[in-house]
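Enquirer: Chains D and G are the protein sequences, given in the same order. Its first residue numbered 1, the first sequence is counted upward by one per residue in our numbering. Its first residue numbered 1, the second sequence is counted upward by one per residue in our numbering.
No lab work stands behind these hints, which were simulated from the structure alone. One or more hints might be untrue.
[To be verified] DSS-like mimics (lysine-lysine), calculated; alpha carbons at most 30 Å apart, straight line:
#, chain 1, residue 1, chain 2, residue 2
1, D, 28, G, 250
2, G, 69, D, 86
3, D, 28, G, 69
4, G, 248, D, 46
5, G, 296, D, 28
Since the model is a prediction, treat every value here as computed from it, not as a measurement.
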Amino acid sequence: MAAYEHLYIITYDIRDPKRWRRVFRLMKGYGEWLQLSVFQCRLSRKRHAELIALLDGIIHHNEDHILIVNIGPAETVKPSVVSLGKDFEVVARQPVIV
Amino acid sequence: MTDNERPPVQLELPLPFPELSGDMPLLPARMINEYQYCPRLAYLEWVQGEWAASADTVEGDHAHRRVDKPSKRFPEADELDDTEKLHGRSITLSSNRLGLIAKLDLIEAEDGIVTPIDYKRGKRPHVARGAYDPERVQLCVQAMVLREHGYVCEEGALYFVQSRERVRVVFDDELEQLTQNAINGLRLIAAGGHIPDPLLDSPKCSGCSLVGICLPDEVNYLRHADLEPRPLAVMRDEALPVYVQAYKAKIGKKGEELEISIDDEKVQTARLVDVSQVVVMGNVYITTPCLQDLMKREIPVSWHSYGGWFVGHTVGTGHKNVELRTAQYKASFDDKTCLAIARNLVRAKIQNSRTLARRNWRSDVPVEPLLDALKNLADKALRATDLPQLLGIEGGAAAQYFAAFDQLIKKPDDSKQLSFDFNTRNRRPPTDPVNALLSFAYAMLTRTWTMNLSAVGLDPYRGFYHQPRYGRPALALDLMEPFRPIIADSTVLQVINNGEVRPTDFVSAAGSVNLNDGGRKRFIAAFERRMSQEITHPLFGYKVDYRRLFEIQARLFGRYLLGELPEYPNFTTR
């Protein structure tokens, strides 16, 4: 079922701290914070479209820059990512039980 | 479509439409577009109030962002200057005489003539008329409303955002006729209260956002069984539940996330987009802003006692599909329908417990006598003449099944180890660990079904087999019957036989037994794992997980209640 979800690496450069904060908070809702200004998100087509629409509404097109890199189907992407230092764990989808 | 292909309904005649009175809704131009695309889609959206977003609809909304900001001023028809070139954005116009309302993305006025322009996401299609009929019809509706307001309007245009191309649409007689037919057709089906048949094996379905609600292939298959269903309804992104059972936990909202804290210390976050429902057990509180946001997003919250007893649930304003609920109530007052539904449910339940026993038998005692007895009872259930008799058959089957349940439980090799023993099924409160697990599993299953049923628009409290009683989700109990063995019992067996939950995970007070914190957490995880398991659907042949299967079953039950299917297809495994 999850085959149609892809993993994305999203990086951003935002010039204004206020907009940067908004982008950061939005991104937290869509993916896992990986490094400064870098997120990994697991998105279906619909969620991908939502995220783009929302980001597009926040940023200023002549100042800011966001890169959304599709790195393949979320379940099988692991071998094609090289990670030095810390571990790279693909965002898993599982129920939260506290 | 030529004239002689059209159905012999009076669609061709100009229907004299009375001036609208108070409660008759105006038909939106977009709905006429949907009707032209697929009458069933228009019926689902317009009459039943169903809606689902897809990537395409989200992109569509985004493509409209520029034209969705309304213009401050656009002159009326008689004020229109002859020379000026004017733009008006996001203007809503209606006509009571025509019974139509349209939101116009963009109107251009030049030389006293106005041109409506409709924004479409995507690229221009390369077809004969430059665009597909639904879009052309929608534009024609806009022109009709504009003319009704006194504007001169001869042609319109479709603007395709992705390829940045304009396609001219001339309002000729043929298009106007097509539009009029669509308007009348939609009015007819809405007034008739009969959902149009799904399209047959249509390529349109895979692009339709409502395919998981409409179930075109499944309905067609169950009605005339010729084409095997495409797995269209299965493809949907799946959010997962959040369970909070920790003592004194608090659920708040931070940005786009749920934040769960204990004693003001953050222990876990969950992205709201990934949450399908929130399950609260015991002494946990949710902040009001968080609760409101959950309701806005249509994420239900279910409330339970610490022991898992289902207390109630919170949803937003509820489901719009009144037609479905009306059908449910109507059917529930008919004894014959109740009995027919109940017979099949009981049979499916007995069959599934038989399957579970066959698969998990761990004893040297032969299993065949039990299997034969259950098979007989399953057949007998179909011949039951009233509900009490059926209840007796179900009770008899349960007695046989639970008498043998201990044979399905793995015994430890080392005799000094604690083991699970099961003698007889008891509850309220359960007096041994296995019964405690079973009761908890049934409570979880009831919750899942209650949420599922209210999410598809049925009323979980009005049942057919289980008679309504105060606070009892009777329909949930009805429809979960066949799933008791394959979800609940099977999860219980799994956690015991895999050693995920051990006899030491229980607390006992005055003879009643309950799971402790850690055991409960692991059990919930195992239950959800079972719900995510993929199985091949025995009727439709595609792969689907139980979570999605429950929704499909609930929707098919709705289709049965609305008279589209001759019988509710119960789920049985082999």
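Enquirer: The structure should be examined with respect to each hint, and the outcome stated for every one.
Expert: Hint check results:
no. : hint         : verdict
1   : D:28 x G:250 : holds (20 Å)
2   : G:69 x D:86  : violated (47 Å)
3   : D:28 x G:69  : holds (28 Å)
4   : G:248 x D:46 : violated (36 Å)
5   : G:296 x D:28 : holds (20 Å)
In summary, the structure is inconsistent with hints 2 and 4 from the numbered list given earlier, while agreeing with the others.
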